[in-house]
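**Q** Required output: the full structure, derived from the provided sequences and hints.
Residue numbers (this note's numbering), protein chains in the order written: chain V, 1 to 188; chain F, 1001 to 1338.
If you're looking for bench data, these hints aren't it; they were derived computationally from the structure. Nothing here was measured: the structure is a model prediction, and the numbers come from that model. Take the hints with a grain of salt, since some may be wrong.
[Stated by the list, open to error] List time: in silico SDA-like cross-link candidates among lysine to any residue, alpha-carbon distance up to 20 Å:
id: 1; chain 1: F; residue 1: Lys1045; chain 2: V; residue 2: Met140
id: 2; chain 1: V; residue 1: Lys135; chain 2: F; residue 2: Phe1081
id: 3; chain 1: V; residue 1: Lys144; chain 2: F; residue 2: Asn1042
id: 4; chain 1: F; residue 1: Lys1076; chain 2: F; residue 2: Asn1244
id: 5; chain 1: V; residue 1: Lys142; chain 2: F; residue 2: Thr1039
id: 6; chain 1: F; residue 1: Lys1017; chain 2: V; residue 2: Ser145
id: 7; chain 1: F; residue 1: Lys1118; chain 2: F; residue 2: Ile1195
id: 8; chain 1: F; residue 1: Lys1140; chain 2: F; residue 2: Glu1265
id: 9; chain 1: F; residue 1: Lys1048; chain 2: V; residue 2: Thr157
id: 10; chain 1: F; residue 1: Lys1058; chain 2: F; residue 2: Asp1082
id: 11; chain 1: F; residue 1: Lys1107; chain 2: V; residue 2: Ser145
id: 12; chain 1: F; residue 1: Lys1147; chain 2: F; residue 2: Asp1129
id: 13; chain 1: F; residue 1: Lys1048; chain 2: V; residue 2: Arg150
id: 14; chain 1: V; residue 1: Lys142; chain 2: F; residue 2: Ile1064
id: 15; chain 1: F; residue 1: Lys1045; chain 2: V; residue 2: Ala159
id: 16; chain 1: F; residue 1: Lys1045; chain 2: V; residue 2: Glu160
id: 17; chain 1: F; residue 1: Lys1048; chain 2: V; residue 2: Glu147
[Said to hold, decoys possible] Sample of chain F residues with no beta-carbon within 10 Å of chain V, all distances over it, derived:
id: 18; residue: Asp1055
id: 19; residue: Asp1056
id: 20; residue: Asp1082
id: 21; residue: Asp1201
id: 22; residue: Gly1202
Note that the Cβ used here is the ideal one computed from N, Cα and C, for glycine as well.
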Amino acid sequence: MSSTEQGTSSAAPAEPTTAPESAAAPEVPESFYYVHGKDKVVHKVSAGALQHSALIHGMISNLGYTEEQAKANPFPFENIDGDILQMVVDWCNQHKGKPTPPEDTNLPKQKEKLFDLVLAVNYLEIKELLTYCCKQVAMMVKGKSPEEIREIWMIPTDAEDEAAEKEAKKRAGKEAAGETAAAAGDAK
Amino acid sequence: MFLSKWFPSNWFSKNEKPTIMDMPHLVMEQVLDNVDFLTILNLRKVCKSFRNLIDDIKPINNLIIIRIYLEFRRIKVELVFDFEEVFVNFFLFYQEGPEENSCCIFKDFVEPEFAVQKDGHFVDAFLTDFEPILKNQRSKLTELEIKVNCFYYDDDYSFLSQSKPQSIFSRFLFKKFESVSTMTCIVERRQDDNIANEMIDGIWRILESRTVPLETGKLKLIVPKSSQVVRLLRSIKTNSLHGNRANQGASSPGDADLTLDSKCETFKTMEELVISKFYMGNPILDFLHIPKLNIIRDSIPREDILIIKQVGSEFFLIKLTREPLHMLPGDSDETYAK
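**A** Structure representation (structure tokens):
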């Protein structure tokens, strides 16, 4: 199943099968689970595709999540943007049950998206996709000078870091002072 | 989260896009393992946090061969990289500068005018540059070579103009009065001796400070003293050692007698041992586990010959000799007497 159904969690249309676990006999029709990201858009993913994610696979097999429960409560991933989750789900569907190729060229080229994807993939523990993403991130700086690397990876200089640290300390100090003042006010 | 403690938590509010600094440690490890050796060196220069991260992770890289040659007043380093089965090499030179206590660093035989000039001795400049490289090398090298070859002057060497340029006339003078030339030669050799010892001590100190010994398939050492072989072998893990003695003018009596530590882990797992110009002092029983052996001894007891006969390995070559092995061309006993 390569389609990803979109809609609100309550209106998620689905044809849940009786097989609760992927470990069941292969003749049994495939089971489906539902996930949603920050934008609450629900994606329908087959159990086979979800095998890629160690996190979701662990949740399904260890917590004994049944199909009905899964339908009522889609896996919530509040820390992952909708479009990134879509990308991950698409990848999982494409590579369902297939040996993964050594190179994957369909990864996003914009660095913000790629970093988002890396964080999401790392969270969902999709090992193969993480390997590709890391290679892609490494390729960004291949043969670049320190200044170029700093620009590409958006790394602050040591001076900027120190300034940021000082500001943070100042802010923390102010907050602490505010709190003590408020506490004193309360006491009065 | 990597380095997130530097920043107040509200800095990366949900609207903010993540940067490389937000990546978890495990992800960074995987990213850095995919970055090639030269980019890693550039990455170390980006900022302090990246330098610390790289020194901490010690990423796997594509460096496979390091050859360090101490030549006449300069160090030549050859690095070989493996870019997916394509081997690329380049040379780095650390050379004595035109002024006193200065050095020039350049890459790949460029014209000396383009060399970077720095203060300090060239050996110190080399050690500073190679400390992170030798310390962070996690993946196994195929070859490591340390060769001291500073006692010959080769006409092919490209030299920077020295503070006191030798005129053709002075060269002619030196040629004519050979005694003068030998005298200066001996004085210079003593200096070169110190440079050689300094360089090897520096390399050894760097290797010793590693938590895991440096691994290499082949180790080739051409050093002036036998003690240096023993010391370097303690902090390098290898299956094959080629040891040779550097030619040199001044030497103390024990320098040619080499006794390897039989308890040393590297020696126990050795598969090939080829030692020339050093006289091995170990009892023959120490070598019986090594399949490929080629050593020199100055004496051999009768029992040892019987043992060798019993083993009967075709690769077993032991030479009995006590000839002066390190005579330089043009050297004579007279020179030493002076």
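**Q** Taking the hints in turn, state whether each one holds.
**A** Now for the hints, and whether the structure bears them out:
1. F/Lys1045 - V/Met140: Given pair F/Lys1045, V/Met140 holds - Cα atoms ~17 Å apart, limit 20 Å.
2. V/Lys135 - F/Phe1081: 19 Å, holds
3. V/Lys144 - F/Asn1042: With Cα atoms ~8 Å apart, V/Lys144 and F/Asn1042 stay inside 20 Å; holds.
4. F/Lys1076 - F/Asn1244: 19 Å, holds
5. V/Lys142 - F/Thr1039: 6 Å, holds
6. F/Lys1017 - V/Ser145: 24 Å, violated
7. F/Lys1118 - F/Ile1195: Holds - the C-alpha atoms of F/Ile1195 and F/Lys1118 are around 18 Å apart, at most 20 Å.
8. F/Lys1140 - F/Glu1265: Given pair F/Lys1140, F/Glu1265 holds - Cα atoms ~17 Å apart, limit 20 Å.
9. F/Lys1048 - V/Thr157: 9 Å, holds
10. F/Lys1058 - F/Asp1082: Status holds; Cα separation ~18 Å.
11. F/Lys1107 - V/Ser145: With Cα atoms ~17 Å apart, F/Lys1107 and V/Ser145 stay inside 20 Å; holds.
12. F/Lys1147 - F/Asp1129: 18 Å, holds
13. F/Lys1048 - V/Arg150: Since the Cα atoms of F/Lys1048 and V/Arg150 sit roughly 12 Å apart, the hinted pair holds (cutoff 20 Å).
14. V/Lys142 - F/Ile1064: Cα-Cα ~19 Å, so holds.
15. F/Lys1045 - V/Ala159: 14 Å, holds
16. F/Lys1045 - V/Glu160: 15 Å, holds
17. F/Lys1048 - V/Glu147: 14 Å, holds
18. Asp1055: 16 Å, holds
19. Asp1056: Check passes; 17 Å lies beyond 10 Å.
20. Asp1082: Holds, since 15 Å exceeds 10 Å.
21. Asp1201: 31 Å, holds
22. Gly1202: 26 Å, holds
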